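Student: Residue strings, one per chain:
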Amino acid sequence: MLRFDQAPPFSVPLRFFLTAPAFAFLAALVALRQGPALFESRWSPAALAITHLLTLGVLGMVMLGAMLQILPVLAGAPVARPRAVAFAVHAGLALGTLALAAGFLTAEPALMALAMGLLGFAFAVFLSALAWALWRVRVVSATVAALRLAGIALAVTVLLGLWLAAGRSGFGAMPAPALRDLHPAWGLLGWAGMLIAAVAAQVVPMFHMTPAYPKWMRWLPFAALGMLAAGWIAGPVGLYAGFAATTLWLHAKRRRRQPDVNFVFWRAAVVCSLAAALVWLATPYWGGQMLVGVLVIAGALLSVVTAMLYKIVPFLAWLHLQARLGAQAPNVRQYLDERKQRRQLWLHLLAVALLAAAVTAPQFFAYPAAILFAASAVQLGSNLLSITLEYRKRAAS
Amino acid sequence: MANIGDYMSQEHRQCDEAFARAEDAVASGDWAAAQAAFEAFHGAMQRHFALEEEKLFPAFEEATGMSGAGPTQTMRIEHEQMRRLFEEMKQAALARESAQYLGLSETLLLLMQQHNIKEESMMYPMLDEALGSRAGELIAAC
Ligand code: HEM
Chain A
1 MLRFDQAPPF
11 SVPLRFFLTA
21 PAFAFLAALV
31 ALRQGPALFE
41 SRWSPAALAI
51 THLLTLGVLG
61 MVMLGAMLQI
71 LPVLAGAPVA
81 RPRAVAFAVH
91 AGLALGTLAL
101 AAGFLTAEPA
111 LMALAMGLLG
121 FAFAVFLSAL
131 AWALWRVRVV
141 SATVAALRLA
151 GIALAVTVLL
161 GLWLAAGRSG
171 FGAMPAPALR
181 DLHPAWGLLG
191 WAGMLIAAVA
201 AQVVPMFHMT
211 PAYPKWMRWL
221 PFAALGMLAA
231 GWIAGPVGLY
241 AGFAATTLWL
251 HAKRRRRQPD
261 VNFVFWRAAV
271 VCSLAAALVW
281 LATPYWGGQM
291 LVGVLVIAGA
301 LLSVVTAMLY
311 KIVPFLAWLH
321 LQARLGAQAP
331 NVRQYLDERK
341 QRRQLWLHLL
351 AVALLAAAVT
361 APQFFAYPAA
371 ILFAASAVQL
381 GSNLLSITLE
391 YRKRAAS
Chain B
1 MANIGDYMSQ
11 EHRQCDEAFA
21 RAEDAVASGD
31 WAAAQAAFEA
41 FHGAMQRHFA
51 LEEEKLFPAF
61 EEATGMSGAG
71 PTQTMRIEHE
81 QMRRLFEEMK
91 QAALARESAQ
101 YLGLSETLLL
111 LMQQHNIKEE
121 SMMYPMLDEA
131 LGSRAGELIA
141 AC
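Going down the list, the protein sequences come from chains A and B. Sequential numbering of the first sequence, starting at 1, is according to the numbering used here. Sequential numbering of the second sequence, starting at 1, is according to the numbering used here.
Looking at chain B on its own, in the form it has when it is part of the complex (with noise of 0.2 angstroms):
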């Protein structure tokens, strides 16, 4: 049965793949190329978050009554904070500014970094307990 901590678990660890290219990129200096690599790995973290803010969170803040003030109003704000961190450091790409890009992307990765060992050890594992059966449609359908 599909399982919901699991499957993002693992867009994290690709997630992860992409800003390593892109950073790697940008430090070796190949501009086209870093800006290649920094689209890509933007899209996928926008992916990732529209199917948790669009999907489970919703669907979870439905089954348990808990909006507001509750966890998922957490992740919401820190992925409010990682995407003033990805417009800047698509300016800094696009300005060609190498320190600027890999400052911002060291701070990105910290945050990027404490925010999922929140979601992998406590947000996910609430979404599946609260959402079980349907974890494996709302990971289908997007």
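Bound-form chain A, shown alone (with noise of 0.2 angstroms):
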């Protein structure tokens, strides 16, 4: 039988979510503890572990999230046991990415091995469901098809990280050089890029009321996918490059002009994913490899993560109160009040900007680059646990 209505519980997604700006505050802790040293490499274990607690503690959290809350949609079918595996990704993907972040620090192997376990059984059993789903799918839409390749990629980013792991820990020969630039590849532009053009191509068009991205584009992922699968890096890095302009070009011809925190965070987003673009064509020349880092996890993977949030969190509130209280549910303006938004907003921009300046001058700016980071991860957990709190209250009236 064919559902559409398998939507889960809200706590299912609910607790990746409210996890992911502890992590975002923990990576905070870390830059603060390590100080201007923190910037000195892109291998240091502080600038690994903080990688990390972002990549997979902030970044990975919600998506995973998010994207067990759509595969029954997707699929037309429940996963099977939604309380049983969302239970066992998150607390696979909480626990063992605090032992990565852990096993980086101290660099002991047995708090490595830890994380390899943890993550690989977390990971494990989100891909056999995502696979599931996903090859159950009976019309694959373009949205449909990068998912599909987004979760090819994040299987190849996991397999190559899991083997670094073992390879720093001593369990086995580090990969070659050349392999070593791949798991960042396949990580950043393989599945986060892919995962982002794909929400863009929904969230740009319908929230910023722009006109559709051209349709070719739709090859994008199918594009980077090969170029990744060849080694070639700075194909991929041109093609979101051009993405990115794209977007750039659509929100100037927009016609919803109310200013709006959702779009703002996208602007970020693309304007640092530009960026970093240029940085990366001029590191030969000039060691930018760090700045990179800075812009595309903080500056754009979090801006479009962070403006997910403010998106979901609320709607989800609204349709589990609208399906108890019909109309009496608050509207998704409601829950939260817009000024903290913004005010999460602007500490977060100047997080960014203090951390693209500490790369230059890691002596005067890497302290209160920390101190907003930590400040703006604060106000986001607030934030969302607002939302929750004024859920609550409604459900129990």
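Be aware that one or more of the hints could be misleading.
What the hints assert, rightly or not - SDA-like, lysine to any residue: derived pairs with alpha carbons at most 25 angstroms apart:
hint: 1; chain 1: A; residue 1: K311; chain 2: B; residue 2: Q100
hint: 2; chain 1: A; residue 1: K393; chain 2: B; residue 2: L110
hint: 3; chain 1: A; residue 1: K311; chain 2: A; residue 2: A361
Stated by the list, open to error - Stretch-level coverage of chain A by chain B, calculated; a stretch enters the list once three of its residues show a Cβ under 8 angstroms from a Cβ in chain B:
hint: 4; region: 130 to 137
hint: 5; region: 203 to 216
hint: 6; region: 321 to 327
hint: 7; region: 330 to 342
hint: 8; region: 357 to 366
As the list claims (entries may be wrong) - Interface residues of chain B toward chain A, partial, derived using beta-carbon atoms under 7 angstroms:
hint: 9; residue: A20
hint: 10; residue: G103
hint: 11; residue: E106
hint: 12; residue: L110
hint: 13; residue: S121
Hints in this document: simulated from the structure, not taken from any laboratory. Small disclaimer: the values here were computed from a predicted structure and weren't measured. Glycine is no exception: its CB is placed at the ideal position from the N, C-alpha and C atoms.
Hints given; two lone chains; assemble the complex.
Tutor: As structure tokens, then:
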């Protein structure tokens, strides 16, 4: 029997969304403890710990939570045992990310082994659920195709990551240096990039009221995956720069002109992506790798993820409340004071700007950047909690 | 040959346009224009729902025997959720309460978009598969 209505209980995605800001805060704490030294090398233990607190703990948390929410819709069938799957993925990802960050910081092989076990388990469960759902889909829309390719890219990223982790902690040989670059490339340009391009294709035309992306851009994920598989990193960098430029051009034609927090987050993400591509191109002449990392992870990915959270969490609250209260359910703007969103937006933008400045002048900017990043994470967490509390209050009334 | 998916998806885009015009008018405070634009949007949505609920879904249910807890039932429930929002938006437009209208319209936008994804990636392809040759005739009849 085909069922569309298998929306899992609110608690299933919510736990992912509420955990994410805690990992952003932990990343800020590591940056604070490390100070200016953080910016010396992209392979320093603290830089790697922060990278994964953000990519796995924030980005991964939100993306996996959101995917578990939409899989039943796309597949037209409920994911088997949604609570058990969500519990396993969430716990495995949270504890595994903590162990990985601790493993980087302490260089303790036992922690690395623990991280590999937990993360390997969480991703195996998630990717099986994803494969099951996406291969049942009857009509392969552009979105479904992009999600499939992003799933493949995630699998490759995780396998390469596990290999690197084994190498680092002495369980095996370290992969050759050429392979070492492939893990971040598959993670950022493959998995994260494809997912965000897929989200953009839905969100930008609809929420910012722009014309649609040109049809041929649907080939972007295929092209990106092909280029990555050939080991050609400049290819996808160029593709995403083109995609970001197209988004700017669409934004210039938007019809919805209300100043909107969501729009500013997206605009920031687009600008950071373009800047990252330019810096990356200039990197052989000028060591800009650290700046690329800041612009891509904090500037582009976190901005988009935050914008998504402010749309998804109030909407799910409304969806669950209106099933009980009908027209009494508050609309999506009534769960959180918009000024609080705006405050967090500015904290976030300022933190990104200071992080970028800290790459060139860490002695001045490393501490202010870390403090603002922490403040932004706290404000985000408190905002999401406010939405949840408002939901609880209304549900109980 | 006419294809239900293409035709109905095209209608979604037109409804989106009408939605945006109404929202723009509310945001700019031009209430006469806003009320007219809302009515145009509301009318387009009602016609789109009617085509689905009165023609396409019954034909599908008859052809496949899927009614009751089937996919068309879920679509109808979501239409009801949207109709409740239309009523509230109409009241807000009449009372000239822009904050209320914009909060409701954002709620509707999210609901409408996830509904459209379900229809365009699951429901319409199933309609086309089940109704095939009758598609052109069903669409033309409206
Ligand atoms: C099971 C999950 C993962 C594990 C075990 C893992 C492990 C590792 C290890 C051991 C390194 C150090 C590489 C080296 O010494 O050359 C590394 C680097 C890195 N990883 Fe991961 N990773 C995982 C997932 C991810 C994901 C999902 C992303 C991104 C979306 C990511 C992004 C990065 C980045 C950006 C670097 C920095 C590399 C550089 O600067 O060259 N990782 N990872």
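Student: A separate judgement is required for each hint: does it hold in the structure or not?
Tutor: A quick look at each hint next to the structure:
Taking the CA atoms of K311/A and Q100/B, the gap is near 17 angstroms; set against the 25 angstroms cutoff, the hint holds. A hinted pair counts as satisfied when its Cα atoms are at most 25 angstroms apart, and K393/A with L110/B qualifies at roughly 23 angstroms. At most 25 angstroms may separate the alpha-carbon atoms for a hinted pair to count; K311/A and A361/A exceed this at roughly 36 angstroms. Look at the region 130 to 137 of chain A against chain B: 1 of its residues bring a Cβ nearer than 8 angstroms to a Cβ of that chain, fewer than three, so the hint is violated.
Note: the region 203 to 216 of chain A has 3 residues with beta-carbon separation from chain B under 8 angstroms; the three-residue rule is met and the coverage holds. With 3 residues having a Cβ less than 8 angstroms from any Cβ of chain B, the region 321 to 327 of chain A passes the three-residue criterion, so the hint holds. Three residues within the 8 angstroms Cβ limit are the bar, and the region 330 to 342 of chain A against chain B gives 4, so the coverage statement holds. Figure legend: the region 357 to 366 of chain A, annotated as covered by chain B; annotation inconsistent (0 residues with Cβ-Cβ distances under 8 angstroms, at least 3 required).
Against a cut-off of 7 angstroms between C-beta atoms, the interface hint on A20/B holds, since the closest Cβ of chain A lies about 5 angstroms away. Proximity of G103/B to chain A holds as hinted, the smallest CB-CB distance being about 4 angstroms (cut-off 7 angstroms). Interface restraint check for E106/B: the shortest CB-CB distance to chain A comes to about 5 angstroms, inside 7 angstroms, so the restraint holds. The interface hint given for L110/B is met, as the beta carbon of that residue sits about 5 angstroms from the closest beta carbon of chain A, less than 7 angstroms.
Hint on S121/B holds. Least Cβ distance to chain A is approximately 5 angstroms, under the 7 angstroms limit.
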